[in-house]
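Colleague: Taken in sequence, the protein lines are chains A and B.
Okay, so the first sequence: first residue is 110 according to the working numbering, each after it adds one.
Okay, so the second sequence: first residue is 2 according to the working numbering, each after it adds one.
The set of hints was computed from the structure by calculation and includes no laboratory data.
Note that the coordinates shown come from a computational prediction; the quantities given were computed from them, not determined experimentally.
Virtual Cβ for every residue (Gly too), placed ideally from N, Cα, C.
Hints may contain errors.
Short derived list, chain A residues pointing at chain B, Cβ under 8 Å [what the hints assert, rightly or not]:
(1) V172
(2) A177
(3) S208
(4) T252
(5) V297
(6) W329
(7) R425
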Amino acid sequence: MKILAVVEQRDGEVPGASREVISAAASLAEEAGGEAHALLLGGPEVSEQAAALGAFGAARVKVAAHDALAEYHPDGYPQVVRQAVEEGGYDAVLLPATSQGKDLAPRLAALLDVPLAQDITRASVAEGALELFRPVYAGKAFTQLKVDASPVLATLRPNVFQAQERDGGAEVESLEVELDPDSWPTVVASFEATGGDVPDVAEAAVVVSGGRGMKDPENWNLLEDLREALGSEAGLGASRAVVDAGWRPHGEQVGQTGKTVAPKLYFAIGISGAIQHLAGMRTAGTIVAVNRDPDAPIFKVADYGIVGDLFEVVPRLTQEVRDLKAQG
Amino acid sequence: MNIIVCIKRVPDTETRIRVGDDGTSIDESGVKYVMSPYDEFAVEAALRTKEELGEGEVTVLTLGDDASQETLRTALAMGADKAVLLQGDVSPDGLATAKALAAEIGESDPPLVLLGVKAADDDQQQVGPMLATLLGRPCATAVSNFELKDGAVVCHSEVEGGTQVLELPLPAVVTITKGEFEPRYASLKGIMAAKRKPLETREAQSAPSRLEVKSMELPPEREAGKIVGEGADAVPELVRLLREEANVL
Ligand SMILES: Cc1cc2nc3c(=O)[nH]c(=O)nc-3n(C[C@H](O)[C@H](O)[C@H](O)COP(=O)(O)OP(=O)(O)OC[C@H]3O[C@@H](n4cnc5c(N)ncnc54)[C@H](O)[C@@H]3O)c2cc1C
Ligand SMILES: Nc1ncnc2c1ncn2[C@@H]1O[C@H](COP(=O)(O)O)[C@@H](O)[C@H]1O
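Next up, chain A with everything else stripped away, as it sits in the complex (with noise of 0.2 Å):
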């Protein structure tokens, strides 16, 4: 089997959620007989980039370096994308599940005229297919999907698969693209930074997620606090009620109608955990909820729970995660 991962790069980085793609790729390759291979795209420089992705299994990279390709553009990566998979003859293509690879994957699907399947959790394979799974009705269910065409394409949620070192490195190729930037018709204007350096909810490894139960949007430095001491790998989220409020932007809501979530580590502070919420993190390793009600809902799903005033608990959580990492 022949599997093609699609990775992204930022900043002259190739994200986590991309390494994990490359990984799982190589993994499932390696089960069914058969070899990874990764496409990069990205502006003249990005070839540099290319060889040190063998480390994460590609057996080959392909590399796309065009001016035109420096950034994502919604009509020029899914053209280039598309003709990278009808060289290869590939038998599965893989992208990461994030903002930009769940954009580019539909428009790939529909250039070459097959069923895509988002935010896969679970891949496997039996009698040299794939098999794939994915949640539905918001993390409430997982479906097993048969796939009736070739390639088969999916988006793997970030932060579930695992990007794993390995030896040996890759064979570097560069993909010709002839392209005409002219004719896109999306002119991609700008973009405004949120965060600063602050991973985004949906791809952080760590969540420090704050509800109604944080009082006023002031209080955010304690979660902010906490969120430093936990280290750059952390990000935060918040429940829809705050939200809706005003006190935090839209795109650190978590839950149904927010983004779905499945960090490492899952922190819930002063979060009810309505139904609509836990559908956006009950896919996380580790949940840990900070609630003063015993009986509040986020309970029966958390690992850890501390039954208590947050505006106690938090800045000694704060100190002793300080204190821990100074320990080393």
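Fit chain B with the ligands to the known structure of chain A by using the hints.
Modeller: Just chain B with the ligands, lined up with the frame of chain A:
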């Protein structure tokens, strides 16, 4: 300006999901159905656009069975002008859905087509950009707000770490996420008026589904964990557990 909004009938987000006897879909008994929440945002966006321009027509379109008429009526009660039901099978294969919608939309060729970013049942998040690609139109996804300007729609699209501003020449396809378009409630007057608004029904030009559900399962129950303790005094023990038992610190 004429706008088409694609909407889908889905179980209410409060629904407790149970697997049906076939083992591949949900048990529908007792389930309350609603318009998918993101589609409500899209309907609201269309109505506001029409109101601001002071002209045009908002058509809501769905692929589904006869029960979806109720969802269409809800949109008409919010203020949409007319509704079209494409009768056909709905599957998790968004491309099959997109093809059926494209066959209908291609005929009327409206300057703006709005969809929800994802439907709150299969959560596939794909029909919008697929439809756009089939129609050969530009598309912006996960848009929290947009303005019309000089024959283009300027979209604020939510991506990791921020908001991207995209300008699409019309005709265009836009998928709406939560943001500026908090949906209105249907007024009593709106509900009465909806009964008299046109609702057309026709056979969908269905494409076969190539994505088959082999099985559906409930997630393993998350075992309720332990209450480590009460108040700030419990923190050192929590940190110890996170480090030694859960291995996450
Ligand atoms: C269609 C639909 C979609 C929705 N989508 C989402 C979604 O995507 N995401 C989402 O989160 N919600 C969503 N909701 C809303 C959801 O139903 C809840 O209303 C919301 O999650 C509640 O937010 P909360 O937990 O912050 O607030 P509350 O339910 O008010 O809970 C606040 C909690 O803080 C605790 N508390 C208060 N003070 C303290 C203190 N000093 N110390 C410790 N604890 C304290 C309280 O005990 C309480 O449990 C949706 C609802 C609908 C109808
Ligand atoms: N059966 C359908 N009929 C009409 N519109 C649909 C249908 N299915 C999906 N859509 C539209 O496509 C959006 C995204 O759905 P999905 O890609 O299935 O998550 C929805 O929010 C709707 O706007």
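Colleague: Next step is simple, just say for each hint if it's right about the structure.
Modeller: Hints, verified against the model:
1. For A/V172, the interface hint is violated, the least distance from its beta-carbon to any beta-carbon of chain B being 23 Å, above 8 Å.
2. Annotation: interface hint on A/A177 violated; nearest CB of chain B at approximately 16 Å, more than 8 Å.
3. At its closest, the beta carbon of A/S208 sits 4 Å from a beta carbon of chain B; the interface hint therefore holds under the 8 Å criterion.
4. Of the supplied interface hints, the one on A/T252 holds, with its beta-carbon coming within about 5 Å of a beta-carbon of chain B, less than 8 Å.
5. Taking 8 Å as the C-beta contact cut-off toward chain B, the hint placing A/V297 at the interface holds, the least distance being around 6 Å.
6. For A/W329, the suggested interface contact is broken, since its CB lies about 18 Å from the closest CB of chain B, more than 8 Å.
7. For A/R425, the interface hint holds, since its Cβ comes within 8 Å of a Cβ in chain B; the closest pair sits about 4 Å apart.
Going down the numbered hints, you'll see the structure goes against 1, 2 and 6, while the others check out.
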